[in-house]
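The task is simple: from the sequences and hints, build the whole structure.
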Amino acid sequence: MKNSLILLTIFMCATSTIAQKSKFSVFPNFGVTKPILDGGLGFHAGVNPSYKLSNRFALEGQVSFSYTDISSAFLSGKRGSVSASNFLTGGRLYLNPNSKKSIFYLNLLAGLNVIKEKSEGLVLGTEYGFGFSTGGFVNISGLTLGITYDTPQNLVLKLGLSL
Numbered sequence: 791m792k793n794s795l796i797l798l799t800i801f802m803c804a805t806s807t808i809a810q811k812s813k814f815s816v817f818p819n820f821g822v823t824k825p826i827l828d829g830g831l832g833f834h835a836g837v838n839p840s841y842k843l844s845n846r847f848a849l850e851g852q853v854s855f856s857y858t859d860i861s862s863a864f865l866s867g868k869r870g871s872v873s874a875s876n877f878l879t880g881g882r883l884y885l886n887p888n889s890k891k892s893i894f895y896l897n898l899l900a901g902l903n904v905i906k907e908k909s910e911g912l913v914l915g916t917e918y919g920f921g922f923s924t925g926g927f928v929n930i931s932g933l934t935l936g937i938t939y940d941t942p943q944n945l946v947l948k949l950g951l952s953l
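Add 790 to the 1-based position in the sequence shown for the numbering used here, that's all there is to it.
Since the hints were derived computationally from the structure, they do not count as laboratory data. Worth double-checking, as some hints may not be accurate.
[Claimed, not checked] Quick list of in silico lysine-lysine cross-link-like pairs, DSBU-like style, CA-CA up to 30 angstroms:
#, residue 1, residue 2
1, K908, K824
2, K908, K868
3, K824, K906
4, K813, K906
5, K824, K868
6, K813, K842
7, K868, K906
8, K842, K906
9, K891, K813
10, K891, K842
[What the hints assert, rightly or not] The calculated label-pair distances, taken between Cβ atoms and stated as ranges, are:
#, residue 1, residue 2, range
11, I930, S909, 39 to 45 angstroms
12, F920, L896, 35 to 41 angstroms
13, S931, L902, 20 to 26 angstroms
14, F847, E910, 42 to 48 angstroms
15, S862, L947, 16 to 22 angstroms
Predicted, not measured: the structure shown is a model, and the values here were computed from it. In this text, a Cβ means the ideal position worked out from N, Cα and C, and glycines have one as well.
What follows is the structure in structure tokens.
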């Protein structure tokens with residue numbers, strides 16, 4: 791977990807220095823996670839690079855890490871934690887591409903999801919599977935706020951700067 795956060799921070803800093811006013815942009819973001827079925831709360835850290843193809847569409851990627859403390863699992867009621875890494879790619883649709891102040895957009899991303907779960911002290915192992923993220927965002931003068939659904943079953947409130 792510690793190594794994932796260090797690598798993510800280095801990647802976010804490196805890509806933000808490369809990004810300039812062009813078709814390429816980077817969205818480093820942090821957020822709060824809330825599982826849909828389980829009780830609990832956690833945090834999210836990620837970076838979303840994108841390359842604008844037209845006024846309405848961009849290619850987008852996501853490298854992210856989330857950690858969620860589960861206070862009560864849906865079926866068992868047990869306590870535990872879930873850490874997840876997502877390596878995703880997909881598209882971004884701009885809803886008002888010609889706006890100068892507030893830009894609204896949606897994204898849909900899919901790819902690899904790596905999950906490590908613990909339940910009441912027992913490590914349940916590492917799972918590799920299909921991951922996805924979809925959500926809505928608003929960018930106001932470089933500050934971006936969004937709400938997404940990310941695997942595994944988390945609503946995520948994200949905040950970051952678009953560089």
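A quick look at each hint next to the structure:
1. With a CA separation close to 17 angstroms, the supplied pair K908 and K824 stays within the 30 angstroms bound.
2. For the hint pairing K908 with K868, the CA-to-CA distance comes to about 10 angstroms; that is within 30 angstroms, so the pair holds.
3. A hinted pair counts as satisfied when its Cα atoms are at most 30 angstroms apart, and K824 with K906 qualifies at roughly 17 angstroms.
4. A distance of roughly 36 angstroms separates the Cα atoms of K813 and K906; the hinted pair therefore is violated under the 30 angstroms criterion.
5. In summary, the hint linking K824 to K868 is supported, as the alpha carbons are separated by about 17 angstroms, within the 30 angstroms threshold.
6. A threshold of 30 angstroms between alpha carbons decides the hint, and for K813 with K842 the separation of about 5 angstroms falls inside it, so the pair holds.
7. Among the hinted pairs, K868 with K906 is consistent with the structure: their alpha-carbon atoms are about 16 angstroms apart, no more than 30 angstroms.
8. For the suggested pair K842 and K906, the alpha carbons sit about 34 angstroms apart, so the restraint of at most 30 angstroms is broken.
9. The straight-line distance between the Cα atoms of K891 and K813 is roughly 18 angstroms, inside the 30 angstroms bound, and the hint therefore holds.
10. Pair hint K891 plus K842 holds up; C-alpha atoms about 18 angstroms apart against a cutoff of 30 angstroms.
11. Judged by the Cβ atoms, the range 39 to 45 angstroms given for I930 and S909 holds: they are separated by roughly 41 angstroms.
12. At about 20 angstroms, the CB distance of F920 to L896 disagrees with the hint of 35 to 41 angstroms.
13. The hinted window of 20 to 26 angstroms between S931 and L902 is violated, with their beta carbons roughly 33 angstroms apart.
14. Restraint check, F847 to E910: a C-beta distance of roughly 46 angstroms satisfies the suggested window 42 to 48 angstroms.
15. The supplied range of 16 to 22 angstroms is met by S862 and L947, whose beta-carbon atoms lie about 21 angstroms from each other.
When the structure is compared with the earlier hints, violations turn up for hints 4, 8, 12 and 13 and for no others.
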